[in-house]
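K.L.:
Work out the full structure, taking the sequences as your base and the hints as a guide.
These protein sequences, in sequence, are chains U and D.
UniProt numbering applies: residue 1 is where the first sequence begins, and numbers increase by one.
UniProt numbering applies: residue 1 is where the second sequence begins, and numbers increase by one.
A hint or two may mislead.
You can't tell identical chains apart in this list, so a pair holds if it fits in one copy or across any two.
Claimed, not checked - Taking lysine to aspartate or glutamate and the DMTMM-like style, the derived pairs with C-alpha atoms no more than 25 Å apart in a straight line are:
#1 Lys199 <-> Asp168
#2 Lys188 <-> Glu274
#3 Lys21 <-> Glu183
#4 Lys249 <-> Glu288
#5 Lys297 <-> Glu217
#6 Lys249 <-> Asp168
#7 Lys275 <-> Glu183
If you're looking for bench data, these hints aren't it; they were derived computationally from the structure.
Protein chains: 2
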Amino acid sequence: MSKLVIVGTVAFDAIETPFGKTDKILGGAATYIGLAASQFNVDGAIVSVVGGDFPKEDIKMLQEKGMDVSGLEIVENGKTFFWSGKYRNDMNTRDTLITDLNVLAEFTPKVPSAYKNSKVVMLGNLHPLVQMSVIEQMDSPELIVLDTMNFWMDSALEDLNKVIAKVDVITINDEEARQLSGEYSLVKAAQKIMEMGPKYVVIKKGEHGALLFGEDEVFFAPALPLEEVFDPTGAGDTFAGGFTGYLAKTEDYSFENMKRAIIHGSALASFCVEKFGPERLLKLSKKEVHQRLQQFKSLTQFEIELK
Amino acid sequence: MSKLVIVGTVAFDAIETPFGKTDKILGGAATYIGLAASQFNVDGAIVSVVGGDFPKEDIKMLQEKGMDVSGLEIVENGKTFFWSGKYRNDMNTRDTLITDLNVLAEFTPKVPSAYKNSKVVMLGNLHPLVQMSVIEQMDSPELIVLDTMNFWMDSALEDLNKVIAKVDVITINDEEARQLSGEYSLVKAAQKIMEMGPKYVVIKKGEHGALLFGEDEVFFAPALPLEEVFDPTGAGDTFAGGFTGYLAKTEDYSFENMKRAIIHGSALASFCVEKFGPERLLKLSKKEVHQRLQQFKSLTQFEIELK
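P.N.:
Printed below as a string of structure tokens:
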């Protein structure tokens, strides 16, 4: 069991989907990552920033889930990062309505000294310079996982490339992999991205699952076919949290174990989309997770004799 | 080993992709289905129609692959069905440039008497009335597989529904499943379609793989991630041919065996897209197929202990 450092937003989200809408609710990449990682009882620390308007009970909840919050800065006279978005009917595209950076605009991450020796680092989607600062504060991590998005490819590519050169795993979606590599074929895109630094590339395809590429290997995990996707917000972060949480717990970074980590991440993400925000993750029993892993097995496993 | 009846087009195709273009080459649903099914050395019969312009050596080729062609009518003074299409840069969308029905316009299928007792029937994409005529000529088939498309949902839905009520398996793509059922969620779409008749629904998602739904079960087979998709023409038919060919060979219509059939279909389809038209299927060694099945195993199989 390794310690896990998580950097990312802790935020308010207001979400509208074809099924309804919320007021400001708990959100943010680090929130979802932390909640997913907590399923593995890892000793995790959330490095982030919130304003004085952030509910103390949400901080307490993260602590009760086993997350250290000494690296969660509270700017008492500031406001918490706020994002608002609306999903279209297909649930695959969303329009951002509001992005108020607030306290995030001047965020300088501080990794708690007790966590500088963590072996696993999860860099949630943030400005590449913030991600780099976290890398530089770590003693000698064994596995750094990077999540990023097209926004940083458009606005801070040089900084992003420096981060990419330093990480072991990158998780991005298919369109972002194409943009970053200039290759339409995801196989070629992954190869090019691996040349930029990472040993493993995880390409997230939303409802179409996720691909894991290693040097000479590739693995595919489908998304669980669901009757209803209620709210996709946080699914990618939940996936990343399940992935790194499992790897921090097992401390085995082989391709075989990454496959298991991908399946665990996919299983947790499949819960996330069932309710608004992180609601479903907050009340998740071991038994439910176990049953869902069993569903992933039934969904994908087959017997063909090959002599 | 069961006999297999295949009804579908035998045609000329002219294809343009970002990688190049062809003159009129061999095409048609029944051609791809037959070539894929021939991998399993099944005793298959192609029921179709061509014009006097159709090359005798192509008919001979189908025979050499083990296909009975006594149900392949030759209208000497007619012209073979011709389709021409152009793929866009993403290779997922194509525009139809020409559709000359020619001899297909007055096609009345005749199942050879030696094949009326076949246990497996593959109804390739054609007018539902033609598909129904084939069903009515069969003695007592154990498995009828239907392929169809949105064109018939738009133009001949009543006839199509009658066919759907009589088949065991339907294979359609995701958009067609949504159109046919009126449900966006593929899980709900499959449930509704099963209420219309079929015991199993196969939803093809192209580069995103295929889903197999049974009463209480679901299985997912990814498409093999390829460096280059050269020409997608015939991939869906090749999938269907591999699927039914494997089932005709094994005569086991359980969900477990359907899973194997789906994997075999996916493996053969992954070859089809590597070259123009059916070229790649014509020269396919057992060893190559074996290696590709192995790739599907590596791509999807994982070990997670669930107590």
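K.L.:
For which of the previously enumerated hints does the structure constitute a violation, in increasing order of number?
P.N.:
Structure breaks no hint.
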